[in-house]
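Starting from the known structure of chain A, arrange chain B on it as the hints suggest.
Sequence lines, in order, name chains A and B. Under our numbering, residues 81 to 316 are what the first sequence spells out, in order. Under our numbering, residues 315 to 558 are what the second sequence spells out, in order.
These are computed hints drawn from the structure, not numbers from a lab. There may be inaccurate statements among the hints.
Only part of the chain A face toward chain B is listed, based on derived beta-carbon distances under 7 Å [claimed, not checked]:
(1) M269
(2) A272
(3) V304
Here are a few chain A residues that sit away from chain B, every Cβ distance over 12 Å (derived from the structure) [to be verified]:
(4) D157
(5) L166
(6) G176
(7) R177
(8) A180
(9) G189
(10) Q222
Owing to the predicted nature of the structure, the values given are computational and were not obtained by experimental measurement. C-beta atoms are modelled at their ideal positions from N, C-alpha and C, and glycine is treated no differently.
If you want the building blocks of each chain, they are given just below.
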Amino acid sequence: MPSARVLRILTQLKQSAESSANPERLCEVSAEVVGASGAGIMLMSHASLGGTICSSNEVSTLIEDLQFTLGEGPCLDAMHHVSPVLEPDLADPAFGRWPAFAPPAVAAGARAIFGFPLQVGAVCVGALNLYREVPGDLDVDQHADALVMAGVAARSVLTMQSDAVDGELASGIEVGSQIRFVVHQASGMVAAQMGVNLSEALIRLRGYAFANDRQVTEVAKDVVARRIRFHKTSEG
Amino acid sequence: MPRESLLAQTLVELADSLVDDFDVVELLTLLTDRCVEVLSVAAAGIMLVSAEGELGVMASSNEATRVLELFELQCQEGPCLDCYRSGAPIIAADLTSADGRWPHFAVESLSAGFRSVHALPMRLRGTTIGALNLFRHEAGTLDESDSRAAQAFADVATIAILQNRALLAAQVVNQELQYALQSRVVIEQAKGVLAERAAIDVEKAFTHLRSFARSHNRRLVEVAHDVIDGSLATADVVAPGRQP
Numbered sequence: 081m082p083s084a085r086v087l088r089i090l091t092q093l094k095q096s097a098e099s100s101a102n103p104e105r106l107c108e109v110s111a112e113v114v115g116a117s118g119a120g121i122m123l124m125s126h127a128s129l130g131g132t133i134c135s136s137n138e139v140s141t142l143i144e145d146l147q148f149t150l151g152e153g154p155c156l157d158a159m160h161h162v163s164p165v166l167e168p169d170l171a172d173p174a175f176g177r178w179p180a181f182a183p184p185a186v187a188a189g190a191r192a193i194f195g196f197p198l199q200v201g202a203v204c205v206g207a208l209n210l211y212r213e214v215p216g217d218l219d220v221d222q223h224a225d226a227l228v229m230a231g232v233a234a235r236s237v238l239t240m241q242s243d244a245v246d247g248e249l250a251s252g253i254e255v256g257s258q259i260r261f262v263v264h265q266a267s268g269m270v271a272a273q274m275g276v277n278l279s280e281a282l283i284r285l286r287g288y289a290f291a292n293d294r295q296v297t298e299v300a301k302d303v304v305a306r307r308i309r310f311h312k313t314s315e316g
Numbered sequence: 315m316p317r318e319s320l321l322a323q324t325l326v327e328l329a330d331s332l333v334d335d336f337d338v339v340e341l342l343t344l345l346t347d348r349c350v351e352v353l354s355v356a357a358a359g360i361m362l363v364s365a366e367g368e369l370g371v372m373a374s375s376n377e378a379t380r381v382l383e384l385f386e387l388q389c390q391e392g393p394c395l396d397c398y399r400s401g402a403p404i405i406a407a408d409l410t411s412a413d414g415r416w417p418h419f420a421v422e423s424l425s426a427g428f429r430s431v432h433a434l435p436m437r438l439r440g441t442t443i444g445a446l447n448l449f450r451h452e453a454g455t456l457d458e459s460d461s462r463a464a465q466a467f468a469d470v471a472t473i474a475i476l477q478n479r480a481l482l483a484a485q486v487v488n489q490e491l492q493y494a495l496q497s498r499v500v501i502e503q504a505k506g507v508l509a510e511r512a513a514i515d516v517e518k519a520f521t522h523l524r525s526f527a528r529s530h531n532r533r534l535v536e537v538a539h540d541v542i543d544g545s546l547a548t549a550d551v552v553a554p555g556r557q558p
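Just chain A, same shape as in the assembly (with noise of 0.2 Å):
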């Protein structure tokens, strides 16, 4: 019933904006309305990974931790195409798409997953995740009422930082989220362990996480507590 769904939207939006600083409940209700068994919502920038705002449940945080830890998926697709990305069935994806997230990602049981930039006019600032444990399309009203929640959560993200002190980031969004930032101390850390720039550091941090099937947080806590070292030549 399309016309409770909407209740429950505006329902969500009086208290998302009454209560900004409240990212989690974006998350619960986008999953809910889109009848999805999961959510996250990641916030990006051109130059940065940027991170998790929030995410639903454990799964959706692995979601999210893969295709932060891999470089690809619906989230980054979302993003780079300003475009809803849908994968209704994940354990054969089209195209053959995203060969290093979808196998870990199906084992973690997400069938179809769904992916959409979160949008305010022209600006992108990341995307709506949105996982289901059985393969299938997302219905005509479903996708509609994704796309609505995709545009509240973009206008939350905005509106928390609008009252940022500037330069910073909001402290809404700081708290609530789990940005990597322990992961950008590590790249700073092997950058000066092998001599190389910061990009090149990030990607010798992603291919050791990869190789030893490891999420990238994990590993730069490790690289933090200088329980890993990389050296200056390409072992480690």
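Just chain B, lined up with the frame of chain A:
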């Protein structure tokens, strides 16, 4: 169309405005028309405060209402104004016995044929941006479901208007967001670089970065850039004036 469907459809139409660009006056006019169709009221009008802080009549379901609201603004008294000023709903259930609260408005309203008025605030997060005013020929108050529906309309319209205003600033805010995000990344990277070079932990590295920035009266992000590109020596940041 049955009342419930019309109510739902109105909310859907209002919600649609959240997705697309829309004309504020058009949206508010739709809202006043729908109030008359859906609720048991004879007329509806909306007063909205401008960016400059001036209250104006933005929409009304008919001319009599528009004139009445303009009159209210002119003589600076009436339930809509009180509602806007207080941010709370104001109900004038019977203007023939309004005990002299709005003497000029009561006369004007009664002569236009309206005996009762409900004024509902359009407010969000403590800010009142206007009022939705509902006029009825008869005395009395709206029933529970009508007043809830009316407040829902007012709430959604408020969100739509505020978001529309935010949209105008979206480009600017997004640039600030990108800058803030990028600055944070650069600072985190610099912490890592400095921690590695000085063989200290990242927290300690941050303390050094911050005190260097403060004592040299520079922005943290600039110092971070200089650490990363090597134009600022590790020793200068970690132990200024002391042994390395």
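Right, here's what the structure says about each hint:
1. Residue-level restraint check for A/M269 holds (minimum Cβ-Cβ distance to chain B is 4 Å; threshold 7 Å).
2. For A/A272, the shortest C-beta to C-beta distance to chain B is roughly 4 Å, which falls under 7 Å, so the interface hint holds.
3. With a cut of 7 Å, the hint placing A/V304 at the interface with chain B holds, because the nearest CB-to-CB distance is about 6 Å.
4. With a cut of 12 Å on Cβ distances, A/D157 stays outside the contact zone with chain B, its closest approach being about 20 Å.
5. At roughly 18 Å, the least C-beta separation between A/L166 and chain B is larger than 12 Å, which holds for a residue marked as non-interface.
6. Non-interface call for A/G176 relative to chain B: holds, since the shortest CB-CB distance, roughly 32 Å, exceeds 12 Å.
7. With a cut of 12 Å on Cβ distances, A/R177 stays outside the contact zone with chain B, its closest approach being about 27 Å.
8. Against the 12 Å criterion, A/A180 stays outside the reach of chain B, whose nearest CB is about 23 Å from its own CB.
9. The non-interface label for A/G189 is consistent with chain B: the shortest C-beta to C-beta separation is roughly 30 Å, beyond 12 Å.
10. Residue placement check: A/Q222 keeps its beta carbon more than 12 Å from all beta carbons of chain B (closest about 15 Å).
Hint check: no violations occur; every hint is consistent with the structure.
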